[in-house]
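Put together the whole structure using the sequences plus the hints.
Protein chains in written order, with our numbering: chain A, 1 to 1196; chain B, 10001 to 10064.
No lab work stands behind these hints: they were computed from the structure.
Bear in mind the structure is a predicted one, so any value in this text is a computation, not a measurement.
Any given hint could turn out to be false.
[To be verified] Okay, derived cross-link-like pairs now, PhoX-like style, lysine-lysine, Cα gap no bigger than 25 Å in a straight line: (1) A:K590 to A:K446; (2) A:K311 to A:K267; (3) B:K10030 to A:K1122; (4) A:K594 to A:K48; (5) B:K10030 to A:K1130; (6) A:K322 to A:K391; (7) A:K918 to A:K947; (8) A:K804 to A:K729; (9) B:K10030 to A:K806; (10) A:K918 to A:K945; (11) A:K446 to A:K595; (12) B:K10036 to A:K806; (13) A:K957 to A:K899; (14) A:K957 to A:K947; (15) A:K949 to A:K905; (16) B:K10036 to A:K1130; (17) A:K1147 to A:K594; (18) A:K652 to A:K375; (19) A:K953 to A:K899; (20) B:K10030 to A:K1184; (21) A:K582 to A:K623; (22) A:K1162 to A:K1138; (23) A:K331 to A:K395; (24) B:K10002 to A:K767; (25) A:K804 to B:K10030; (26) B:K10002 to A:K765; (27) A:K648 to A:K681; (28) A:K1158 to A:K1138; (29) B:K10030 to A:K1119; (30) A:K595 to A:K442.
[To be verified] Which stretches of chain B does chain A cover? Using the computed rule of at least three CB atoms under 8 Å from a CB of chain A, they are: (31) 10003–10015; (32) 10018–10032; (33) 10048–10060.
Even for Gly, the Cβ is constructed at its ideal location relative to N, Cα and C.
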Amino acid sequence: MSRPRVTIDGNEAAAYTAYHVNEVITIYPITPSSPTSELADQWAVEGKLNIWGAVPQVTEMQSEGGASGAVHGALQTGALTTTFTASQGLLLMIPNMFKIAGELTSTVFHVSARTVATHALSIFGDHSDVMATRSTGFAILSSNSVQEVMDFALIAQAATLESRVPFLHFFDGFRTSHEVSKVEELSLDDMRVLIDDDLVRSHRDRALSPDRPFIRGTSQNPDVFFQAREAVNPYYLACPDIVQKVMDKLAQIVGRQYYLFQYVGAKDAERVIMLMGSGAETAQETVEYLVERGEKVGLLKVRLYRPFSVKHFLEALPKTVKIITTLDRTKEPGSMGEPLYEDVAATINETISNGVNRFEDTPRIIGGRYGLSSKEFTPAMIKGVFDEMAKDAPKNHFTMGINDDVTHTSLGYDPNFSIEPSERTRAVFYGLGSDGTVSANKNSIKIIGEETDNYAQGYFVYDSRKAGSLTISHLRFGPNPIHSAYLISRANFVGCHQFSFLERFDALNAAEEEAIFLLNSPYGPEEVWNKLPRTVQEHVINKNLRFFVSDAYRIARDLGLGPRINTIMQTCFFALTSVVPKEEAIESIKRFIKKVYGRRGESVVQMNFAAVDRALDSLYEVKVPDKVTSGFDIRPPVPPEAPQFVQKVTGKMIAGQGDELPVSAFAPDGTFPTGTTQWEKRNIALEIPVWDPDTCIQCGKCVLVCPHAVIRSKVYAPELLKNAPPTFKSTPARWRQFPGMRYTVQISPEDCTGCVLCVKVCPAKNKKEPRLKAINMAPQAPIRDQESENWRFFLDLPDINWDKLKLSRVKDIQLLQPLFEFSGACAGCGETPYLKLLSQLFGDRALIANATGCSSIYGGNLPVTPWTFNHEGRGPAWSNSLFEDNAEFGLGMRLALDKQLDYAKGLLVRLSSPIGDKLVQALLNADQSSEAGIGEQRERVRMLKQKLKGIDKPEAKIVLSLASVLVKKSVWIVGGDGWAYDIGYGGLDHVLALGRNVNVLVLDTEVYSNTGGQMSKATPRGAVAKFAAGGKSTPRKDLAMMFMTYGNIYVARVAMGANDAHTVRAFLEAEAYEGPSLIIAYSHCIAHGYDLAYGMDQQKAAVLSGYWPLIRYNPERLKEGKNPLELDSKPPSLPLEKYIYNEMRYKILVHRNPEAAKQLLKLAQQDVLRRWQLHEHWATMPVKEWGGKNESGGRS
Amino acid sequence: MKAVVDPDVCTGCELCVETCPDVFEMDTDKVIARVKVDEVPDNAEDCARQAEEECPVDAITVEE
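Structure, rendered in structure tokens:
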């Protein structure tokens, strides 16, 4: 029977099989596993049936802990149940995994294996998560490729039903989960052959039921626990043979024969390497290449890692083996070796001590680590390992792929070793995150994979910045199966979809001799040459490249496609390569356009059709001169004035050469300097705002809303303008407290993302030109140099003295230096303006605990980080612990500060005579309720430190180390709604209930933004999100109201775009409140589906509609006998639909399911009115009876 | 000349108080601006009009 060939990625392959053989699926988003869950949810909404003709129940939980708990419950009630996860998510499942395995329950967890966060978080792949589950009792089955993912998902399901041992089926995060590959699709009949319905019935019969009651999950004592635990042994002993039996059965129907330990290589191999995961694919290619050349080498792919079958392992190894190298994609510090090494070493030793050595010689065993966090693992590295094995004294416990210059573990290798077959098309494309390059390439793979006999592979590398991110697509096509699980370093086609990339990094380094180079260029074939940096010209000439240009942006603009150049560049690719005949390719592209854009309407389809036709007319070959003529080169990644660490380490990473950095470049504990975004000038905006001082009313709103802190304002003395650059703009400051001073709004041209938020919020109108405002967009390139010079001059102007500012006013606060700047957040981000405000107000004394999410990524993702420091060297101290524990993490900071403060105060009293009683009393009784008071205390602490240095007492040394806590600190707990409403809610509740002085800021985008837009409990009714493909049917949770019920928690719900003064007031009150505070901040987000230039307008509409009532609940007000709740916005005056239907997340349901949309809109409108009434009622309640003065306020 | 601040619209940014302190002041209780004079003094007519024009939320009306 012939089966369809499909081009899909590993996650989809896992979802495909798992969906069809399960009844209940509980999910929670985590990169890189989320797409698996999203597909399951989407298919369930579409009514796709499993092999028994039912639609599986797909349910999102509040955490992976919750998901595994629900899995356990569903299993115990007899349903075939699964879940998908990775990394920390898998770790949260471990407690339940012990239970599920201990109860011999059939299930399969599908894991897109990802690095567990240690010194840093990483979303990329290795086996540290899977290896952490070794003791749970789950069987562990490893897939190495997309095809295997589909097959092994089924093998695992069949084997778990028969063996009763639960399975963890894993594949490499990103490298396999996100690799698009052509595979043969299993049919539902194939699945029915492997899944034995009798075993399904047995599974159901073992379930809990009140009709035949028994108890499972007892509590046992020393008398029996041990024996009862050993009762599972027969099941584990039987499991490997069952898995092999299932593998054999699959082979009979699909022809792909798998073994528990699969050997590839020379029959008489002397050197054998062992590994699991995608690296085994690359190893297979390499071993086959070496064996062809006569080398006695082999590869043992470990498929069933647990239960570890000694019998199958020994049988699979050639008797001739002299040395075995285990390669682990994980690190276990302090162990005598990594997991596979320990298993293999113990097994071989055990065999030999038992006197049953079946090998000709006793094999030597060495082990090494490779590929942590998706570090490249190439044929060259594998060859390097084999070369090491041939030595007399090979290095053990080595690392491969890095330069360890500290403990010297690393092995060398020849990076020029390559085994890529010549008949393969290897194409590399450089694109911007927003230009559609990746989606076009995915379509190209489908066109080639599904419409030709060629095999196809696509892998996509993203940098994790959200705005202006670089995407690199690696595509391979060829007549033979592709096992190359590594990036392309020798491309025969290079497409550069952004001209500006050429001056940022060496894009043509990956081009091989005579490759084709396609450039999206605003310059035509005649003039482009002299616009290229020297390095690019050198590559083109020295490698004899064929060089083509297309002005894709102009075509896209002409056709109304905006910045979406994907169709044009894709057409050019097919025209220039011969993978598919040109005419056929064009036909296929058009078919895909219809499929992909069809639901957006016929006009979009026609625009893209036109793009295809126009693309070919405007593709030109450049006549390459024979000499390098350029007077400029690729820009250095950081300017020469950057600090040394930034030069040596950060700059390398920015330049894309981080792989070359040795171990010694890094602090061993994950510490990095802050304030490094200022050194990376990304120049991603085509247009930037320009200030018009004559129209400006100096309200500070543009400065406030700028998500990237590229717009700043200062008030300064006029004489400072003496050395100003000629184009520097200035106007008299309109502040009563600053008579005669000057005012400037300055933009950093090279850091701007061009989001236009500032222009949209500007309330001033130019009288002469009504379409203009006091800040207007203009092309960046012509003014870049001039404005950069102005920016540098502006930065050197002195900052204003806090004492003179009225901190209740937006315009005054916007004179303060932001200590959060140039983050990698999306252009127009709705979260970052709040963080910037926080940094301006409290940054120089703030400790920030940041939940994992968007804010932890744009806040802490290397190479450069945005939290910075002021001219005195003070700035926010920032850290990210986990996703689920952030409130607790922040509380810990507060507990430590409070304890240290108590301790320091006690010691001060004891040391009051040597220090001086006056200073001690002043320190102890300082009023730090204002910035002036805090400044005075800082000065006292400085004096104290000086005095302490002269006191020769042990206590003096202790106080010296604690002295800085005497200055008031501000603890901020920051995170998104996924954290606050879902996974971290329990902790948040506990922390707020404790009454300690912590401030919580929830950046509420109403969706899991960072993992790609999954539903949270903040998602409103009627909105479509991932995991809510049919529109969310239940109302959102009102976190503010819930926490108001405590009575002693300061709670505010703010929306900067609706009322910025209210936002400022809430921040100040929350921080001033000596107890727990919670601010819930409406944050518009790209996940909402509209042009974020209108983000602040949508915030306003949310408030006007009554959907987002602005409130402040201040327990302090009770002391004055007032109701703590102030309702700061007006009753609903805008129909809800006028607000929500500006956003695609709502509108899409109207297209997909108008009836449901109508019904949900009605309910959502009712929600608004119900909530409004509740707010109003609360705000107007008489409080006399419950307003005792001592009742309010945080802790006493 | 009379000036009016719409309390439902005002956000309390204080720009008008800054521009025209003889006509506008802050209502510290409600944290919004209010008009402190029945009649705009002659010498403050210009700044009152400027405040009207510049109010970021169009909360101010000035009438003859």
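Exercise for review: Measure nothing beyond the straight line between the CA atoms of A:K957 and A:K947; if it is 25 Å or shorter, mark the hint as holding.
Suggested key: Answer holds: A:K957 to A:K947 is near 11 Å, not above 25 Å.
Practice item. Verify the proposed pairing of B:K10036 with A:K1130, using a straight-line Cα cut of 25 Å. Key: OK: B:K10036 and A:K1130 at ~24 Å, within 25 Å.
Exercise for review: Examine the segment 10003–10015 of chain B: at least three residues should have C-beta closer than 8 Å to a C-beta of chain A.
Suggested key: Coverage by chain A holds for the segment 10003–10015 of chain B (6 residues, Cβ < 8 Å).
Exercise for review: Would you mind confirming whether the straight-line C-alpha gap from A:K594 to A:K48 stays at or under 25 Å?
Suggested key: Cα-Cα ~23 Å, so holds.
Check your understanding: Within 25 Å, alpha carbon to alpha carbon, are B:K10030 and A:K1130?
Key -> 14 Å, holds
Check your understanding: Holds or violated: are the alpha carbons of A:K331 and A:K395 at most 25 Å from each other?
Key -> 17 Å, holds
Check your understanding: Hey, A:K322 versus A:K391, does the alpha-carbon distance stay inside 25 Å?
Key -> Answer holds: A:K322 to A:K391 is near 12 Å, not above 25 Å.
**Study point:** B:K10030 paired with A:K1122 [C-alpha distance capped at 25 Å]
**Key:** The hint holds at about 13 Å.
Check your understanding: Going straight from one Cα to the other, do A:K1162 and A:K1138 come out at no more than 25 Å?
Key -> The hint holds at about 13 Å.
Point to revise | Straight-line alpha-carbon gap A:K590 to A:K446, limit 25 Å | key: Distance ~13 Å between A:K590 and A:K446 Cα, so the pair holds.
Check your understanding: Going straight from one Cα to the other, do A:K446 and A:K595 come out at no more than 25 Å?
Key -> With a Cα-Cα distance of about 12 Å, the restraint between A:K446 and A:K595 holds, given a limit of 25 Å.
Check your understanding: Taking 25 Å as the top limit, are the C-alpha atoms of A:K918 and A:K947 close enough?
Key -> 13 Å, holds
Hint violations for this structure: none, all hints satisfied.
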